[in-house]
Structures are given as C-alpha cells and as structure tokens.
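Count along the sequence shown from 1, add 364, and you get the number used in this note's numbering.
It should be emphasised that the hints constitute simulated quantities derived from the structure, not laboratory data.
A couple of the hints might just be wrong.
Per label pair, the in silico range of CB-to-CB distance [as the list claims (entries may be wrong)]:
1. 618 with 492: 27 to 37 Å
2. 432 with 497: 51 to 61 Å
3. 406 with 432: 43 to 53 Å
4. 497 with 449: 14 to 24 Å
5. 581 with 633: 50 to 60 Å
6. 636 with 463: 33 to 43 Å
7. 473 with 532: 24 to 34 Å
8. 455 with 533: 20 to 30 Å
9. 638 with 459: 57 to 67 Å
10. 638 with 429: 17 to 27 Å
11. 536 with 625: 50 to 60 Å
Just so it is clear, CB atoms sit at the ideal spot from N, CA and C, and this is done for glycine as well.
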Amino acid sequence: MSTPGTPQRDLRPRGGRRPFWAAFAFFAIISSLWALSAPVFAVADESAHATKAIAQWQGQVIGYEVPGIRHTVVDLPPADSYSSNIICFVYHPDIPANCGVELGDEGTNWFNTWVGAYNPTYYYLSGWPSLIFDGSAGIYAMRIASALVAAVFLAWAAEASLAATRVRWMPMGIAVLASPMIVYYSGSVNPQGLEVAAAAALWVGLLRLLQTWREPGTVLLSRTYLWVIVGISAAIVANVRALGPLWVVVIISTCLLISGWPAVKSMFTTARSYWAIGAVAVAG
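With the sequences and hints as input, model every part of the structure.
What follows is the structure, given as structure tokens:
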C-alpha cells in the first residue's frame, strides 16, 4: 500500500513502443530480403505450402483425393498453373534457377500437396496476396506477408526481453533469432518460420509475465499486455503445425518450472489470470 510522498515506479515501457518497432523493422527487413533473394519454390516444401495457400484463398480449405494420385489434390487458378519444370534447379547446384518456366506459364491447374489437410491458420495469414498477384509475383508477395507476420512475434519477443529493470540473458537469446535459417524460413511460404517466431514470443512473454509475480516492480510491461503476447503466441504455435499443441505444453511447463512455485501459485491465485488462461485454452 502506497503512502503520500512515496515514489511510484513507472511501469511503462522505456521509450514507449520503440523497442517493438525497432525490432519489427529489423526482422521484417532482413526476412523480406531473404524472401526476395531465393528463387521461387527454392525453400523446402514451399511448393506444397504455397499451392495450398492459393487454393485456400480460392475457397478450397481442404483438397480432395484422386485415385492414382499420391497426396491431397488442390485446384489452382489458370494464372498459377504448376509445372515441375519450375524447380528444375533443385538438387542440381550447377544449374541456374532460371532454367525452367515461371509459375502460371504452363502445366496443370492442380497440385498434389502433402499439406492439403493442414490447419488453415497459417495459410490465411500468408496466402491473401494471391488474390492480388498471380504467378511468381504472388509467391514473392506471400513470402513478404509471411515475413511481416513472423516479424510481429519476433518483435514481441525482443520487446519483452528488454522489458525489465535488469536485463540479463534474454536479449542474448533473442539475438539468436536473427540467425540466417530463422529469417530465411520467416521470409518463405512455410509455417516453420512463424512457428519459431511465435514460440519465441511465448517463451519470453510467459517468463516476463511470471516475473511480475516473482519480482514485483521489475517488469516494464503491464500484465495485460504480456497476457496478450502469451495468448496470441500460444494460439499461433498450437495451430500452425500438427505438433504445435505439444510445443505449447512443453514451453508453458518449462516456463512454470523455471519461474518457481511461488510465482506460479501467485498467478493461479489471481482471479484475473483465469480469464486469460481460459482465452489461451480456447484459442489453442
């Protein structure tokens, strides 16, 4: 309980939202540069994910089975017709990427994708540019859309890592997220990049949230804001890939274990926490 004349700790983020926007700009630019530098479908499984995203935004959320065709089949618009000649350079390091045709130039108006029955969440987030652009331009646009979404979660992780009166190892851990492979996948049509980004935001956000009970007055972000980060991040991790729910359980369990019983007990004895926990459970 405060008394008159007692100085109150300002728990607003230092510099406002500058850490978030600076981190967002950094990750968005780096990931977008990777998105523009890699040839179409050069990223692992990108053809399967991109064709599903295109078909999903055409109204085909789940593909269909065709006798004699392996994997689920999705239909493509004529401007996005697929030919195996697009990836003539794959597994051939001595062949340039311009050896084949562009997406939409020739081929079939369907693709047998092995991700046809995947959760549609990621494909709604990354596939909408296919309604505006077609062919290779559409793939690059979807890559950038994916990079921007991943950058939001990477920026949340960076912001939360700096949001304490004493920052120790968290910022160094976030620096690892700038590794080439992470930003490479973030700038591709592949849910792995978003999964890593959201998992990082969940890790750091939950640890900072628990710190508000373990070390009151040391965290420079409000619990409400941290709950938003934790809730949205958990929902994304749980839904972008099949093993997502398992990773959510692993991350949350590890954070609770690291933070210690007093912090966990305080969180579960706070009435407002149950609204947030319920929202996270429903979203997941």
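Outcome for the supplied range 24 to 34 Å, where the beta carbon pair is residue 473 and residue 532: 55 Å, violated
Beta-carbon spacing of residue 536 to residue 625 - inside the hinted bounds 50 to 60 Å or not: 27 Å Cβ-Cβ, so the 50 to 60 Å window is violated.
Outcome for the supplied range 17 to 27 Å, where the beta carbon pair is residue 638 and residue 429: Violated: the Cβ-Cβ distance is about 43 Å, outside 17 to 27 Å.
Supplied distance hint 51 to 61 Å, evaluated on CB atoms of residue 432 and residue 497: Distance hint for residue 432, residue 497 is violated at roughly 33 Å.
Outcome for the supplied range 14 to 24 Å, where the beta carbon pair is residue 497 and residue 449: 21 Å, holds
50 to 60 Å as the expected CB spacing between residue 633 and residue 581, which holds or is violated: 19 Å, violated
Residue 638 versus residue 459 beta-carbon gap, inside 57 to 67 Å or not: With a Cβ separation near 58 Å, residue 638 and residue 459 satisfy 57 to 67 Å, so the hint holds.
Outcome of range test on Cβ distance (residue 455, residue 533; 20 to 30 Å): 40 Å, violated
Pairwise beta carbon distance, residue 406 to residue 432, judged against the given window 43 to 53 Å: 29 Å, violated
Beta-carbon spacing of residue 636 to residue 463 - inside the hinted bounds 33 to 43 Å or not: 59 Å, violated
Hint check for residue 492 and residue 618 - Cβ pair distance inside 27 to 37 Å: With Cβ atoms ~34 Å apart, the hint holds.
Taken one by one, the earlier hints fail for this structure at numbers 2, 3, 5, 6, 7, 8, 10, 11, listed in ascending order.
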